[in-house]
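Novice: So the chains spell out like this:
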Amino acid sequence: MINSKNFTKLTIFLIPIGIAVNVVGGQLAVLLKLPVFLDAIGTFVVGALCGWAPGVIVGLGCGLINAISLPTLLPYTIIGMLFGVLGNFLAKKGMFSAFWKAIVNGLGVAFISTCMAVPITAILYGGFVGTGASVIVTTLMTAGWGVLPATFVSELSTELMDKIISMIVVFLVLKAIPARFVVKLPNGKYFLKEEK
Amino acid sequence: MDYGFIEKYNQPWTSGNPIRDLNPLSKLNLMIVLGLSPFVVQNYVYGFGMALLFIIISILAGCFRSFFSLYWKVLLLFGFFLFLVKAAFSPGEHVIFQIWGIRVTYESIFSGLNIVSLVLAFSGAFILFVKTTPMDEFTYMLEQKGVSHVVSFIILSSFQTITDLGQNAKIIMESQKARGIETEGNVFQRAKAYLPVIGPLILNAISSTEEKSIAMDARAFSAPVKHTYLMELPKPSIKEKIIVLGLDIIFVLLLIGRIVLWLL
Numbered sequence: 001m002i003n004s005k006n007f008t009k010l011t012i013f014l015i016p017i018g019i020a021v022n023v024v025g026g027q028l029a030v031l032l033k034l035p036v037f038l039d040a041i042g043t044f045v046v047g048a049l050c051g052w053a054p055g056v057i058v059g060l061g062c063g064l065i066n067a068i069s070l071p072t073l074l075p076y077t078i079i080g081m082l083f084g085v086l087g088n089f090l091a092k093k094g095m096f097s098a099f100w101k102a103i104v105n106g107l108g109v110a111f112i113s114t115c116m117a118v119p120i121t122a123i124l125y126g127g128f129v130g131t132g133a134s135v136i137v138t139t140l141m142t143a144g145w146g147v148l149p150a151t152f153v154s155e156l157s158t159e160l161m162d163k164i165i166s167m168i169v170v171f172l173v174l175k176a177i178p179a180r181f182v183v184k185l186p187n188g189k190y191f192l193k194e195e196k
Numbered sequence: 001m002d003y004g005f006i007e008k009y010n011q012p013w014t015s016g017n018p019i020r021d022l023n024p025l026s027k028l029n030l031m032i033v034l035g036l037s038p039f040v041v042q043n044y045v046y047g048f049g050m051a052l053l054f055i056i057i058s059i060l061a062g063c064f065r066s067f068f069s070l071y072w073k074v075l076l077l078f079g080f081f082l083f084l085v086k087a088a089f090s091p092g093e094h095v096i097f098q099i100w101g102i103r104v105t106y107e108s109i110f111s112g113l114n115i116v117s118l119v120l121a122f123s124g125a126f127i128l129f130v131k132t133t134p135m136d137e138f139t140y141m142l143e144q145k146g147v148s149h150v151v152s153f154i155i156l157s158s159f160q161t162i163t164d165l166g167q168n169a170k171i172i173m174e175s176q177k178a179r180g181i182e183t184e185g186n187v188f189q190r191a192k193a194y195l196p197v198i199g200p201l202i203l204n205a206i207s208s209t210e211e212k213s214i215a216m217d218a219r220a221f222s223a224p225v226k227h228t229y230l231m232e233l234p235k236p237s238i239k240e241k242i243i244v245l246g247l248d249i250i251f252v253l254l255l256i257g258r259i260v261l262w263l264l
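Protein chains in written order, with my numbering: chain D, 1 to 196; chain U, 1 to 264.
Treat each hint with caution, since some may be false.
Unchecked claim - DSBU-like cross-link-like pairs, simulated, lysine-lysine; straight-line CA separation at most 30 angstroms:
#: 1; chain 1: U; residue 1: K212; chain 2: D; residue 2: K184
#: 2; chain 1: U; residue 1: K170; chain 2: D; residue 2: K175
#: 3; chain 1: U; residue 1: K212; chain 2: D; residue 2: K193
#: 4; chain 1: D; residue 1: K9; chain 2: U; residue 2: K226
#: 5; chain 1: U; residue 1: K170; chain 2: D; residue 2: K33
#: 6; chain 1: D; residue 1: K184; chain 2: D; residue 2: K33
#: 7; chain 1: D; residue 1: K9; chain 2: U; residue 2: K241
#: 8; chain 1: U; residue 1: K226; chain 2: D; residue 2: K175
#: 9; chain 1: U; residue 1: K212; chain 2: D; residue 2: K175
#: 10; chain 1: U; residue 1: K212; chain 2: D; residue 2: K9
#: 11; chain 1: D; residue 1: K189; chain 2: U; residue 2: K212
#: 12; chain 1: U; residue 1: K212; chain 2: D; residue 2: K92
#: 13; chain 1: U; residue 1: K212; chain 2: U; residue 2: K226
#: 14; chain 1: U; residue 1: K145; chain 2: D; residue 2: K175
#: 15; chain 1: U; residue 1: K192; chain 2: D; residue 2: K33
#: 16; chain 1: D; residue 1: K101; chain 2: U; residue 2: K192
#: 17; chain 1: D; residue 1: K33; chain 2: U; residue 2: K177
#: 18; chain 1: D; residue 1: K33; chain 2: U; residue 2: K73
#: 19; chain 1: D; residue 1: K175; chain 2: D; residue 2: K101
#: 20; chain 1: U; residue 1: K145; chain 2: D; residue 2: K9
Said to hold, decoys possible - Over the 10 angstroms line for every Cβ pair with chain D, so calculated as not near, a few chain U residues:
#: 21; residue: V45
#: 22; residue: M141
#: 23; residue: R258
No wet-lab data here; the hints were simulated from the structure.
Ideal Cβ positions, reconstructed from N, Cα and C, are used throughout, including at glycine.
The shape of chain D in the complex, shown without the other chains:
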């Protein structure tokens, strides 16, 4: 699938950067002790700028690299790969053009990723993910909630915050990239307005 023929040169060089931005963005959130992950920004940026296939590769690479430090994250890689597709889709629909759209994107993406993460967390790990969200899950389950609703509530609350902030960052970054660079990328046409 990957060779220099179907990907432009710039796309190939943007993939490692997307992966690194994901990882470093996550590290930065930990460093600033923020209660969110912020580890999918690179996937969305590359997905939006270069198309779904590079986005999926960034999601896959980032998932594998995160799994090195905690292999239990491996099943969630599939969600990261989906973010690449979503980034491309949102770019095509012109959803990166205004600030209020970033919030809408955040809500939509958070809902989709929660729907995919809940089955993994609930079935595989019994609601336990090893992060702060596990406290909410166990508290709710102690109060008599089932595994699925408890996991859903805790995941949705963290995902909403995480994805809305992520999408705002993605919006601001995409807006700030100079047009002379964007025009060389496969999805550049969705970000530039034609001058008449």
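Given the coordinates of chain D, work out where chain U should sit on it, guided by the hints.
Specialist: Only chain U this time, still in chain D's reference frame:
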């Protein structure tokens, strides 16, 4: 320059440790077979045995320290806490202990042990593979099997870029602090510091790709010729091939056995 140093590159690359010198693809194969076998066997004693085996292998391979620096986190988080959560909330008939929503039963304790053994065994295999296989050796073998060099570039460059961007992030953070941005305080203050760091970081990285692509093309990155390698790996020995193939066959037999049992 030392003659011995140059001579080193004329020989296939070995580290002197028989486990680390296994072919990267053999290691990948063994990782998948050994890491997934507890899912097929479905016996927690076997799963915990596997986890113990990986720790012993890491000692034999001389990488216990780097292996365990990652593995203890899995052991603590998923070996201990996941077991508690599973034991407290899984459904079951024979109640041992009950308070509010917490119901500890025989069934929940066993389901906890089962899931914990699976997670520990698989995580152990994965971390062991990463810690015993240098990525450049792995990508070298992939290229030998006909995978494009672009894949090698993406894998190796990702690790390098993570280090680079991590350092950049620190520099940008220091600069923004000097400009008066608070990186400590309550959550909102810290959240406000995130954007001024990540924004320049991403934009810088993205704008550097153009120069990088010119630099790489000047070094014949996309030249359509056969590549040569500075370093070569030894060919896998017959013994190694037999061991890997034997374990593969045992795994397939186990899998068939499990499916037959499941259908009956």
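Novice: Would you list, in rising numerical order, the hints stated earlier that this structure does not obey?
Specialist: 6, 7, 8 and 14
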